[in-house]
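**Student:** Residue strings, one per chain:
Protein chains: 4
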Amino acid sequence: MNAEEAIAKAAADYSNWGRWGTDDVRGTLNFLTEAKRVEAARLVRRGVSFSLAQSFDMNGPQKGWRRRTNPVHTMLDTGVDAALGKQGFPHGIGGADDVIAMPLQCSTQWDGLGHIFDHGKAWNGRPAENVVTSDGDLVTGIETIAGIVAGRGVLLDVGRVIGGGELPDAFAITEEHLLATAEAHGVEIGTGDIVCVRTGQLARVRRDGWGEYAGGPAPGLSFWSAGWIHRTEIAAIATDTWGFEVRPNEFENAFQPLHQVVIPNMGLLVGEMWDLEALAEDCAADGVYDFQLVAAPLPITGAVGSPINPIALK
Amino acid sequence: MNAEEAIAKAAADYSNWGRWGTDDVRGTLNFLTEAKRVEAARLVRRGVSFSLAQSFDMNGPQKGWRRRTNPVHTMLDTGVDAALGKQGFPHGIGGADDVIAMPLQCSTQWDGLGHIFDHGKAWNGRPAENVVTSDGDLVTGIETIAGIVAGRGVLLDVGRVIGGGELPDAFAITEEHLLATAEAHGVEIGTGDIVCVRTGQLARVRRDGWGEYAGGPAPGLSFWSAGWIHRTEIAAIATDTWGFEVRPNEFENAFQPLHQVVIPNMGLLVGEMWDLEALAEDCAADGVYDFQLVAAPLPITGAVGSPINPIALK
Amino acid sequence: MNAEEAIAKAAADYSNWGRWGTDDVRGTLNFLTEAKRVEAARLVRRGVSFSLAQSFDMNGPQKGWRRRTNPVHTMLDTGVDAALGKQGFPHGIGGADDVIAMPLQCSTQWDGLGHIFDHGKAWNGRPAENVVTSDGDLVTGIETIAGIVAGRGVLLDVGRVIGGGELPDAFAITEEHLLATAEAHGVEIGTGDIVCVRTGQLARVRRDGWGEYAGGPAPGLSFWSAGWIHRTEIAAIATDTWGFEVRPNEFENAFQPLHQVVIPNMGLLVGEMWDLEALAEDCAADGVYDFQLVAAPLPITGAVGSPINPIALK
Amino acid sequence: MNAEEAIAKAAADYSNWGRWGTDDVRGTLNFLTEAKRVEAARLVRRGVSFSLAQSFDMNGPQKGWRRRTNPVHTMLDTGVDAALGKQGFPHGIGGADDVIAMPLQCSTQWDGLGHIFDHGKAWNGRPAENVVTSDGDLVTGIETIAGIVAGRGVLLDVGRVIGGGELPDAFAITEEHLLATAEAHGVEIGTGDIVCVRTGQLARVRRDGWGEYAGGPAPGLSFWSAGWIHRTEIAAIATDTWGFEVRPNEFENAFQPLHQVVIPNMGLLVGEMWDLEALAEDCAADGVYDFQLVAAPLPITGAVGSPINPIALK
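Protein chains in written order, with this note's numbering: chain A, 6 to 319; chain B, 6 to 319; chain C, 6 to 319; chain D, 6 to 319.
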């Protein structure tokens with residue numbers, strides 16, 4: 006079976022088109038129910054919280070591919086101006102103000118459902134050209150899920166369990182690896198969960214330099230894990246890598262075939278470039294791998310993704 | 006007592022400089038303890054969640070004052086390109102990608118501690134010029150609180166209780182109004198809480214047009230509420246208005262004197278332009294005015310504020 | 006004849022498709038020959054020069070329509086930082102650096118040939134979707150004319166000659182008005198000239214406030230002037246208004262029908278929002294209405310327009 | 006004499022402070038008179054024109070140092086949208102529109118007089134903190150020279166004459182090299198000229214890759230050429246390198262000492278990253294090394310530099 010056939014078969018086998026009606030804009034987030042949200046809140050036992058975001062600044066991995074730069078943050082006013090009396094405010098008040106310009110995919114983010122198409126079709130079978138125009142995503146813009154991305158998170162530290170700390174680049178994480186990791190952690194994964202897969206690549210590039218982190222070789226989910234992703238009915242998945250799936254891709258001349266299956270066909274919310282390091286340390290220490298996770302996108306109208314600061318609470 | 010004297014007196018009376026050591030960068034967020042976070046999670050009973058963010062798009066209130074524009078969101082790739090085969094990806098995959106340029110104060114946000122100075126001093130008594138340069142906030146950048154803004158939120162719907170729905174512009178909310186509202190709601194406010202004050206102005210401008218929402222007359226906290234804010238030891242406060250405090254300010258020729266007291270001197274986290282409408286409806290319906298609140302800033306290194314999507318869970 | 010028919014007829018009558026070969030990307034700039042450039046240089050007699058650009062800053066006319074903001078200029082480093090020794094450079098050197106974010110149509114600009122399409126066709130009959138994708142104008146990007154926009158400029162101060170100073174909004178400038186103005190000035194217009202039409206609207210909005218300068222009612226070229234524009238074989242035309250042609254447009258429910266004829270069909274370079282005030286004063290004083298004009302676009306690869314600072318030399 | 010002393014001596018020896026009055030904002034552009042402008046226009050003999058700008062796109066040399074990215078150009082509307090009928094305009098008109106975000110120093114540019122300070126002093130002895138705040142350059146903003154940068158350009162192809170085509174990195178161009186080049190070209194340089202120095206580095210990096218073009222080793226003007234620059238009374242100077250002067254700098258631990266002398270003290274307009282390749286070919290072919298040069302900055306209010314597209318006419 007060649008790439009094109011394999012992708013088509015997986016797309017068909019794991020399609021959720023129509024599962025939540027023709028108007029659906031949430032995909033697998035439909036699995037994340039209110040009951041799940043209550044269950045998730047019960048996981049907060051110690052009151053510790055973790056930011057799962059990388060920093061947003063010029064020291065990031067982006068090198069300009071697809072016009073993706075690192076975030077450019079500039080000041081409109083500063084404390085230096087204030088100290089020298091350059092601001093003209095009364096009674097001694099001074100202020101600082103700032104601006105940012107950034108690609109929405111530059112650092113820790115969610116891919117919206119309009120981020121990927123399969124043969125011209127977007128999520129739920131809609132024609133891509135009716136969904137994302139130059140005016141943005143008119144249907145499944147990231148604002149449609151502004152309030153609902155809060156539930157049970159589960160960390161699968163595949164890097165630690167399978168890789169002894171870190172998986173090498175090009176390592177394809179299969180269903181077997183995921184199951185073995187969950188078993189080692191003593192954690193179960195089910196409907197509505199948000200799965201965080203740590204490969205350890207972020208730890209490595211922090212030690213060794215970014216290199217080709219943004220788009221180059223990386224450990225990641227195998228194309229063949231799509232069945233597990235579908236069967237478990239998870240609400241979302243996220244990794245500490247640039248692109249969620251293994252790179253190079255497992256088919257020759259392919260580009261992100263797992264994206265092509267899970268985003269437009271399955272309707273899965275995919276997170277990338279998450280920083281799972283501190284959380285993973287904590288989970289290893291206390292042996293508890295599930296937690297409440299709140300990972301709200303900025304409701305940028307029509308965006309096909311959003312920078313995020315996911316918060317894990319244990 | 007003139008403005009300058011009143012501000013100086015309040016700044017002295019309600020200063021928290023040194024309270025958490027000379028190195029502190031968190032201010033009143035120190036009140037938000039792990040125990041508080043556990044208590045907050047217990048408030049999730051129904052599993053409903055609310056985004057408290059306004060949308061981020063060109064239909065916002067900004068008109069260019071202080072170079073504050075509404076967010077400019079543009080596409081790097083679209084579904085239209087994908088549909089017409091303009092992207093050059095293999096095997097039928099297509100993609101959409103996007104970029105944003107925005108002031109960090111353009112919509113729903115937190116003010117960082119480096120956002121306001123008092124006579125050249127930033128939070129904890131640091132010289133403003135040592136804190137916020139053109140390179141950003143080198144000390145209290147918003148990234149320093151990336152992981153910790155999750156706790157108990159309390160809605161004080163002053164608009165409903167005192168204003169019969171909405172407070173008029175220029176209405177100064179005093180301690181008495183806050184106490185009366187809390188009592189009407191049957192809710193208590195204490196150490197480490199995040200207080201959300203609904204004035205109703207956002208409902209009004211949504212109905213009548215933005216007008217001068219960004220910087221013009223507005224209901225808001227009275228300068229004289231600073232004592233209550235200090236005494237209650239709340240961790241943060243947020244409103245549905247542009248500037249948190251009443252506008253015009255209560256002193257002639259003053260500019261945001263309450264900011265001048267509470268941010269650099271008290272170390273208070275202040276939120277603005279929050280959308281409390283749906284949450285307020287729900288609270289009025291079920292009579293429960295406290296909830297878990299997760300309002301994580303984007304960790305933009307050195308930022309003096311951050312756009313946010315606060316999530317309330319009940 | 007209804008709008009659709011009139012536009013179709015003018016498009017056919019005044020088409021230059023194929024006139025300079027199938028590969029042409031310059032349109033009427035082909036009329037601007039080397040001989041013309043030599044002739045133009047001879048017009049520099051006194052050595053005076055005029056910038057015909059409006060300023061690029063937040064005090065401009067843009068209000069957000071089509072996501073067009075005024076230019077946002079921010080500093081990366083300042084003299085204030087330098088004065089306070091915050092920059093870390095050796096031996097006493099300090100620096101200031103800056104950044105801009107702006108729509109290419111925000112102020113004085115050229116429209117590139119990829120800026121307008123007629124029934125899905127771009128200049129020279131190319132399918133619009135093959136010319137301008139999300140990657141920009143792949144064929145007629147503004148960089149293709151980077152070096153050649155220098156020639157003889159002619160000012161037609163229609164505002165002064167016909168309007169006694171300023172034309173009212175909605176005034177349609179016809180061939181008769183253009184000819185009468187040229188005659189009053191004692192100037193001839195011919196092949197390869199760059200015609201600058203002053204309506205006086207800019208003078209008016211400077212006095213009275215921007216109002217709806219960006220997109221609202223304005224004096225401008227009549228749809229029926231297309232024949233004159235074609236017959237004279239001018240290389241380019243520019244006005245002191247937002248949109249070059251009269252607004253409201255002369256057909257009901259139409260939007261910029263003259264653009265639709267002259268850009269994709271005729272291949273004309275169109276300039277907008279030029280500041281002709283100082284030049285017009287000078288021409289009125291010395292009675293000389295032609296000059297050397299150098300109006301080079303920034304060679305932004307793939308841009309469908311460019312901010313410019315046109316220089317007139319007399 | 007150490008670096009600090011040498012810089013101080015050169016700053017004193019070559020200072021033009023007060024030369025054109027205390028209010029002056031133009032520096033050496035004062036040498037560019039109307040007579041000079043007339044003389045320059047006479048140099049247009051063949052009517053050929055050359056853009057001396059590099060392209061503005063993501064394929065540039067910037068790597069993020071000092072938050073300098075390459076220009077990010079994005080589309081607001083495209084021909085693809087138009088072709089698929091996604092724009093909603095009447096009668097068959099379609100459009101494309103675009104936006105740019107860029108540092109003003111990212112590609113071919115002028116340094117404004119507010120770009121560099123010497124021991125906290127800006128051009129004409131003004132305190133740097135009074136000139137360039139977070140609001141931009143309040144005194145010598147690039148808009149102050151919007152209309153006047155048009156005059157006689159002279160190419161000194163030092164790369165060809167001294168380097169046999171290209172000078173190696175770290176090659177310091179001295180007065181002797183400049184004089185020898187001028188003599189070889191048969192050209193004289195005098196008051197008010199704009200001198201374009203070609204080192205050949207741009208040709209090299211185009212062949213070999215950008216490498217460290219933006220900030221790394223480069224041929225360039227020697228610190229000791231300051232006397233020649235001052236004595237000749239040139240109006241401006243530009244090179245095909247990132248930083249105009251030789252890199253590494255000729256003093257240990259120094260950073261751009263020649264900038265420190267010529268910009269704040271001499272008031273010289275400095276151009277960088279010019280593309281002199283095509284012009285140099287032409288000059289070598291016809292033996293004529295002077296020409297009319299129009300290099301107008303975009304009048305970005307308060308900018309300390311501007312992207313430009315310099316036009317040379319012969």
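Do not rely on the hints blindly, as some may be mistaken.
Copies of the same chain look alike in the list, so a pair counts if it fits in one copy or across any two.
The calculated lysine to aspartate or glutamate pairs, modelled on EDC-like cross-linking and capped at a C-alpha distance of 20 Å, are [said to hold, decoys possible]:
1. Lys14 / Glu180
2. Lys14 / Glu238
3. Lys41 / Glu193
4. Lys14 / Glu193
5. Lys14 / Glu257
6. Lys68 / Asp213
7. Lys68 / Glu217
8. Lys14 / Asp291
9. Lys68 / Glu238
These are computed hints drawn from the structure, not numbers from a lab.
**Student:** It remains to establish, for every hint, whether it holds in the given structure.
**Tutor:** Checked hints:
Taking CA atoms no more than 20 Å apart as the test, Lys14 paired with Glu180 passes inside one copy only; the shortest distance there is 18 Å, against 65 Å between copies. Taking identical chains as interchangeable, the C-alpha atoms of Lys14 and Glu238 lie at most 20 Å apart only when both belong to the same chain, with a minimum of 19 Å there against 59 Å between chains. In the homo-oligomer, the alpha carbons of Lys41 and Glu193 lie at most 20 Å apart inside one protomer (14 Å), although the nearest pairing across protomers, at 28 Å, exceeds that limit. Within a single copy, Lys14 and Glu193 get their C-alpha atoms no closer than 28 Å, and across copies no closer than 57 Å, so neither meets the 20 Å cut-off.
For the identical chains of this complex, Lys14 and Glu257 are intra-copy neighbours only, at 17 Å inside a copy versus 52 Å across copies, given an alpha-carbon limit of 20 Å. In this assembly of identical chains, Lys68 and Asp213 lie within 20 Å of each other by CA distance both inside one copy and across copies; the values are 17 Å within and 19 Å between. Within a single copy, Lys68 and Glu217 get their C-alpha atoms as close as 9 Å, and across copies as close as 15 Å, so both meet the 20 Å cut-off. For the identical chains of this complex, Lys14 and Asp291 are neighbours neither inside a copy (41 Å) nor across copies (48 Å), given an alpha-carbon limit of 20 Å.
Taking the closest pair of Cα atoms, Lys68 and Glu238 never come within 20 Å of each other, the shortest separation being 35 Å inside a single copy and 42 Å across copies.
Comparing the model with each numbered hint stated earlier shows that hints 4, 8 and 9 do not hold.
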